[in-house]
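Engineer: Going down the list, the protein sequences come from chains A and B.
Take the first sequence: its letters are residues 1 to 316, numbered as in our numbering.
Take the second sequence: its letters are residues 1 to 316, numbered as in our numbering.
Hints were generated in silico from the structure; no laboratory data involved.
Heads up, a few of these hints could be off.
Simulated pairs of lysine-lysine, DSS-like, Cα-Cα distance not exceeding 27 Å [what the hints assert, rightly or not]:
#	chain 1	residue 1	chain 2	residue 2
1	B	Lys45	B	Lys2
2	B	Lys286	A	Lys176
3	A	Lys286	B	Lys94
4	B	Lys45	B	Lys94
5	A	Lys75	B	Lys124
6	A	Lys127	B	Lys94
7	B	Lys75	A	Lys288
Since we're looking at a predicted model, the values are computed, not measured.
Protein chains: 2
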Amino acid sequence: MKVSVGIDIGGTNTVWGLINEQGQVQVEGSINTREYSKPSDFVAKLALDIKNALLDSTFELVGIGVGAPNGNYFKGTIEYAPNLVWEGIIPLQKMFQAHFNLPIWVTNDANAAAIGEMLFGVAKGMKDFIVVTLGTGLGSGFVVNGEVIYGHDGFAGELGHTIVERNGRTCGCSRKGCLETYASATGIVRTAKERLENYQGKSLLQEQAKISSKIIADCANQGDALALEIFDYTGEQLGFSLANTVAISSPEAIILFGGLANAGALIVDPTQHYMEHYMLNLFQNKVKLLISTVPQHQAAILGAGALAWKNVNGAL
Amino acid sequence: MKVSVGIDIGGTNTVWGLINEQGQVQVEGSINTREYSKPSDFVAKLALDIKNALLDSTFELVGIGVGAPNGNYFKGTIEYAPNLVWEGIIPLQKMFQAHFNLPIWVTNDANAAAIGEMLFGVAKGMKDFIVVTLGTGLGSGFVVNGEVIYGHDGFAGELGHTIVERNGRTCGCSRKGCLETYASATGIVRTAKERLENYQGKSLLQEQAKISSKIIADCANQGDALALEIFDYTGEQLGFSLANTVAISSPEAIILFGGLANAGALIVDPTQHYMEHYMLNLFQNKVKLLISTVPQHQAAILGAGALAWKNVNGAL
Chain A
1 MKVSVGIDIG
11 GTNTVWGLIN
21 EQGQVQVEGS
31 INTREYSKPS
41 DFVAKLALDI
51 KNALLDSTFE
61 LVGIGVGAPN
71 GNYFKGTIEY
81 APNLVWEGII
91 PLQKMFQAHF
101 NLPIWVTNDA
111 NAAAIGEMLF
121 GVAKGMKDFI
131 VVTLGTGLGS
141 GFVVNGEVIY
151 GHDGFAGELG
161 HTIVERNGRT
171 CGCSRKGCLE
181 TYASATGIVR
191 TAKERLENYQ
201 GKSLLQEQAK
211 ISSKIIADCA
221 NQGDALALEI
231 FDYTGEQLGF
241 SLANTVAISS
251 PEAIILFGGL
261 ANAGALIVDP
271 TQHYMEHYML
281 NLFQNKVKLL
291 ISTVPQHQAA
301 ILGAGALAWK
311 NVNGAL
Chain B
1 MKVSVGIDIG
11 GTNTVWGLIN
21 EQGQVQVEGS
31 INTREYSKPS
41 DFVAKLALDI
51 KNALLDSTFE
61 LVGIGVGAPN
71 GNYFKGTIEY
81 APNLVWEGII
91 PLQKMFQAHF
101 NLPIWVTNDA
111 NAAAIGEMLF
121 GVAKGMKDFI
131 VVTLGTGLGS
141 GFVVNGEVIY
151 GHDGFAGELG
161 HTIVERNGRT
171 CGCSRKGCLE
181 TYASATGIVR
191 TAKERLENYQ
201 GKSLLQEQAK
211 ISSKIIADCA
221 NQGDALALEI
231 FDYTGEQLGF
241 SLANTVAISS
251 PEAIILFGGL
261 ANAGALIVDP
271 TQHYMEHYML
281 NLFQNKVKLL
291 ISTVPQHQAA
301 ILGAGALAWK
311 NVNGAL
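Construct the entire structure; sequences and hints are all you get.
Structural biologist: What follows is the structure in structure tokens.
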């Protein structure tokens, strides 16, 4: 059976899988990213594990796809990733080529997720769409005419760092008012904490020892007015930003993925409402707002594996 | 000599030209758009004029490119263009095909301008750039990996209708705070009129019978503080918007064109300053902000002619 290798490098764990052309994970594995202070040791261990998995099988490797924070598609590198222990520019593609005589592609996790949706998920058959990952931060992958927008330098698709409120919340990037400070699993918690400070009414949220996006969703699902208001505000910031984004790339669909997207209608409904509200009439009622259908626990390796499959098979 | 036909349809006048592969206009003509209440009569007259120009020559037509307001590349139509006398959907491509046995492409004026810059202007050799036309409104054409972003429906690239101020100025599109209400030849006049109302100091602008973007530029060039402040504010709104746009498509350059772009450094300098100020550090000091080098009076037909050349020659 022909398979690609999909590797997702995270700050804590790195997971990998052998993915067949139908997007089924055949073998999975993981290693602890932090245990390897030298990236070459990390790659060597990964290569060893993958080769071991191939010993007793009839798998035929077609290529390797890697999703990594600050992964650069053009250069095959990881560049200055704040959440990884390795500093500077890591020539990941070259390092893998010391172990595999196969084509290897690197991109960031959101772009990999977009390709995963295109090959194996809800964007199958679409040529123009956007994937928005609502996790700790907000990542995005833009697909135009069947191809990911990498931009001039390979770093395109930073929707999380478009500014929705000049002089708004301080962002990890050191600027103010970035979308991801509002619309992400951490952003909605910031909203909750802000609102709770001066809230005069009674809310289930006041009884929680710790606020998380999951807990806010649970309270909203019990009809808690403040929790619902927090989702409404989050949807307004995200919907506003998406309306502006639609005016640029006019996608068929926008696909939400990740922690906050698990809230389902709680986040989709207000986002859709405000997106339509702020959208140019030319685009109104045309853009589908969808939730990813790729299984969340495998999405990262499926996306990375899809990157390899897409390149192996050329334009699909 | 091989030539394409470039046609630019405007609300008042329609200009056309025969364009060789080097981007030189060989023959030019124009007709009054408003004189033709039926678009088929309009196309018949255009076809007649073009065929007449070909009678005494050795020109060989390769294809026809049309730039038109609300021109749809996928359908070859003009759809609900507010500034044209023809209502509804005009099947322009089909109408031309009744007169010419040649490939015909239609797009909007800003996309045509972008292709013109790519083939004949300052974007020669670039694969990722944005053209922003600062005229009565603000138009834009996005090029990614050497191809124009048309989007799912053919209407992508409406940067002028991204919102930079929620609850800002009323726009012709019926919404509020669109970029083009600030950054355009009419937008800067609105800013001037607003500022003049409550201005306590003395300004050359107070002595003008009529305010235009040209007059504001003239006053600014004479060192008028208010006029300079008006350019600074216009540049802030445009630069803010461009910083957000760069985070999405990460272009090599942004090229300004049209009436307001003629102000040169007066508009480029503040725009660049604020673009860098609002930009994610990953993109800082990477994106060139340029003024178009295509001759303004021929830019529209050169862009339309370039659309035909690009399609005839395939990926360049």
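Engineer: Would you mind marking each hint as holding or not holding in the structure?
Structural biologist: Hints versus structure:
For the proposed pair B:Lys45 and B:Lys2, the alpha carbon gap of about 23 Å is at most 27 Å, so the pair holds. Using a Cα cut-off of 27 Å, the hinted pair B:Lys286 and A:Lys176 holds, with the two alpha carbons roughly 21 Å apart. Taken as a hint, the A:Lys286 and B:Lys94 pair is honoured in the structure, with Cα atoms around 26 Å apart against an allowance of 27 Å. At roughly 15 Å between alpha-carbon atoms, B:Lys45 and B:Lys94 fall within 27 Å of each other, so this suggested pair holds.
Under the criterion of a C-alpha separation no larger than 27 Å, the hint pairing A:Lys75 with B:Lys124 is consistent with the structure, at around 23 Å. Taking the CA atoms of A:Lys127 and B:Lys94, the gap is near 26 Å; set against the 27 Å cutoff, the hint holds. Under the criterion of a C-alpha separation no larger than 27 Å, the hint pairing B:Lys75 with A:Lys288 is consistent with the structure, at around 21 Å.
No hint from the list above goes unmet by this structure.
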